[in-house]
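Put chain B on the given structure of chain A with help from the hints.
So the sequence lines, in the order shown, correspond to chains A and B. Per my numbering, the very first residue in the first sequence carries number 1; after that it's consecutive. Per my numbering, the very first residue in the second sequence carries number 1; after that it's consecutive.
Just so you know, the hints here were simulated from the structure itself, not pulled from any lab data. Every residue gets a Cβ at the ideal spot worked out from N, C-alpha and C, and that includes glycine. Honestly, I wouldn't trust all of these hints.
Claimed, not checked - Below are the DSBU-like pairs computed for lysine-lysine, each with C-alpha atoms no more than 35 Å apart in a straight line:
#, chain 1, residue 1, chain 2, residue 2
1, B, 104, A, 25
2, A, 108, B, 24
3, B, 104, A, 108
4, A, 108, A, 21
5, B, 453, A, 21
6, B, 157, A, 108
7, A, 20, A, 108
8, B, 24, B, 320
9, B, 157, B, 24
10, A, 21, B, 104
11, A, 25, B, 24
12, B, 104, B, 24
13, B, 157, A, 20
14, A, 25, B, 320
15, A, 20, B, 104
16, B, 320, A, 108
Unchecked claim - Quick list of simulated restraints, FRET-style, between CB atoms:
#, chain 1, residue 1, chain 2, residue 2, range
17, A, 43, B, 462, 33 to 43 Å
18, A, 115, B, 320, 24 to 34 Å
19, B, 445, A, 110, 48 to 58 Å
20, B, 357, A, 93, 29 to 39 Å
21, B, 466, A, 95, 37 to 47 Å
22, B, 363, A, 25, 50 to 60 Å
23, A, 22, B, 2, 37 to 47 Å
24, A, 4, B, 181, 16 to 26 Å
25, B, 97, A, 85, 37 to 47 Å
26, B, 391, A, 11, 22 to 32 Å
27, A, 96, B, 445, 37 to 47 Å
28, B, 64, A, 4, 51 to 61 Å
29, B, 181, A, 54, 19 to 29 Å
One letter stands for each residue in the lines below.
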Amino acid sequence: MLYALCFLLFMIGLYCAVVKKNMVKIVIGIVVMEYAVNLFLIMLGYRTGGTAPILSTSDADVATKAVTAHFLAAVVDPLPQALVLTSIVISLGSLALMISICIRTYTKYGTFDITEIRRLRG
Amino acid sequence: MSVPLPVFVAIPLVVAFVLPALGKGLRPVATFLANLAMISLLVLAVMSFGDARVYQVGGWSIPLGINMVLDGFSSLLLLAITAVGTAAMLFSTRYMEQYTAKPKYLTLFLLMVAGMNGVVLSGDIFNLYVFLEIASIASYALVGFGGEHEELEASFKYMVLGSIASAFVLFGIALVYGNTGSLNMAYIARAIQGTGMNAGLAFALSLFVAGFGLKAALVPFHAWLPDAHPSAPAPISAMLSGVLIKALGIYALTRLIFNVFGVSIPVGWVLIALGLLSMVAGGLLAIGQWDFKRLLAYSSISQVGYVVLGIGLGTVLLAKGASVAWASLAILGGLFHLVNHSVYKSLLFLTSGAVEMATGTRQMRDMGGLADRMPVTRATCTVASASIAGVPPFPGFWSKLILVIAAVQAGFYWIAAAIVCVAVCTLIMYLKVQRYVFLGELPEHLRHVRETKGSMLVAMVSLAVLCVFMSLLVLVPSLRAAVLQPAVDVLLEGVNHSTRLIDL
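Pulled out of the complex, with its shape left as it was, chain A reads as follows (with noise of 0.2 Å):
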């Protein structure tokens, strides 16, 4: 269930990107696209009730030198939110970028509209 909702903010997105005629629309069109990205990636390693996937030494038996159940059942897979925390830094770079050629566009042209934004033909 949740899954769909976070495909359908994925499509929300894309539906933004494409159909919007305002440059800065489609741009957040692009953005709630990667959220939705990352959030299906959070989603991924969330455990409900879970822990935090740091090792302390009540979770670790000592007899044998290995994790104990509990803790491996606990906890939340610490990958995906790597995963997207460099993702997040990619798009922060994406959207600067984006951002400043609309300004430099509405600087050249005077407006946001991309269907009066059309020089090139063919």
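For chain B alone, kept in the frame of chain A given last:
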């Protein structure tokens, strides 16, 4: 001596961030450093050619850490990237003097090269995504580098479609991770072999086809390419058309389909359909163009179609269980065309840059008679045109011939017919280039046009020489076995390749 693999990413990355620190007076030093970086990358790529090895970043063992993999397929792409990159960098030394902010341009150029090298060397899919984004973001900025109306518009269009493609790819990666629990290509391949495809993985694969198809500008996803490639400065057009769409699009897609997901008949037919559509639509649209660089951009779509068609034929033949030799021939044709196209299309874009710099226009209607004024540019352009149009001694002829033979052997006569028809289209469009740019009357306003000189000339001539000798890659059996066959073997080995390479 074996070169540590991260060097291919580290050299351009380090030099890229040193360059902006150099002040205004040190501009020649910056240019020299950037050229030195590209040449050393080329030397390293040649040195490590033919090796197959795995590098574990930071010494972490494989499922825990990131790994970089060099095999026949990636070393072929690495060689193409560094060779074209060196020529384009040499060309920009002189060409980019007409723009301000040259060090920033060099930085972006090197970042793009670092990203592409990372994509072809990466051994896990998330790392591939990160490098893909590095190369893409640098290329969005480079397309808009001129900062004029058209450049900004093209850059925005490219960036929107490119970002959508990246979101698709990341979504696919998340689905793969959710279904297999791993990001390493070899572990994913093993997990998929164990469980077989399920709905989630099939959806991920279709997301990858759409995402990487957008990056490679295959026909339903091609809208950005005819705007973006002509708007960039000429050496960047050469890099974008020559290697970027191949490293980011075709390489990544082929690697995932053959070595991670495994070949299947539906995927093969999707590739053949995309390839045929790109070939025919790109070819027909190119003939009507009057803007020199725009014509070249449409012809890139058409030529990339050939590559995808060859790889798709190989996929179908492998999945059907037909003779491996036939599949091998189709893939060989596709990959040889990929390497050929990266050389002659970048050469064509460089000559278009030389012509644009000399005449100040890209409209072929305003040109003519430049053969006497620019003899060397004309000669290099003719070599490249003859090659792309498939005139016999040149490499473009051999790669198309291999594709036709492969299609006929496999019994797909209509595909062979389509390849021949599009080759005729290609011949027509390059005759048009020759006729309107270099032959005919010299217009009054072009009387004072001078031949380009210095580094631009060196770059064009060296690519033209390379272009002439490329035919030897298939004609001499020992060269073919050393250069192209390892890449084909990687793809033929399929899902077992990555697991064998890291000793699972």
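Do the hints match the structure? See the list:
no.	hint	result
1	B:104 x A:25	29 Å, holds
2	A:108 x B:24	28 Å, holds
3	B:104 x A:108	22 Å, holds
4	A:108 x A:21	17 Å, holds
5	B:453 x A:21	45 Å, violated
6	B:157 x A:108	16 Å, holds
7	A:20 x A:108	21 Å, holds
8	B:24 x B:320	61 Å, violated
9	B:157 x B:24	33 Å, holds
10	A:21 x B:104	32 Å, holds
11	A:25 x B:24	39 Å, violated
12	B:104 x B:24	12 Å, holds
13	B:157 x A:20	13 Å, holds
14	A:25 x B:320	47 Å, violated
15	A:20 x B:104	33 Å, holds
16	B:320 x A:108	55 Å, violated
17	A:43 x B:462: 33 to 43 Å	52 Å, violated
18	A:115 x B:320: 24 to 34 Å	47 Å, violated
19	B:445 x A:110: 48 to 58 Å	32 Å, violated
20	B:357 x A:93: 29 to 39 Å	32 Å, holds
21	B:466 x A:95: 37 to 47 Å	40 Å, holds
22	B:363 x A:25: 50 to 60 Å	35 Å, violated
23	A:22 x B:2: 37 to 47 Å	53 Å, violated
24	A:4 x B:181: 16 to 26 Å	22 Å, holds
25	B:97 x A:85: 37 to 47 Å	41 Å, holds
26	B:391 x A:11: 22 to 32 Å	49 Å, violated
27	A:96 x B:445: 37 to 47 Å	42 Å, holds
28	B:64 x A:4: 51 to 61 Å	33 Å, violated
29	B:181 x A:54: 19 to 29 Å	21 Å, holds
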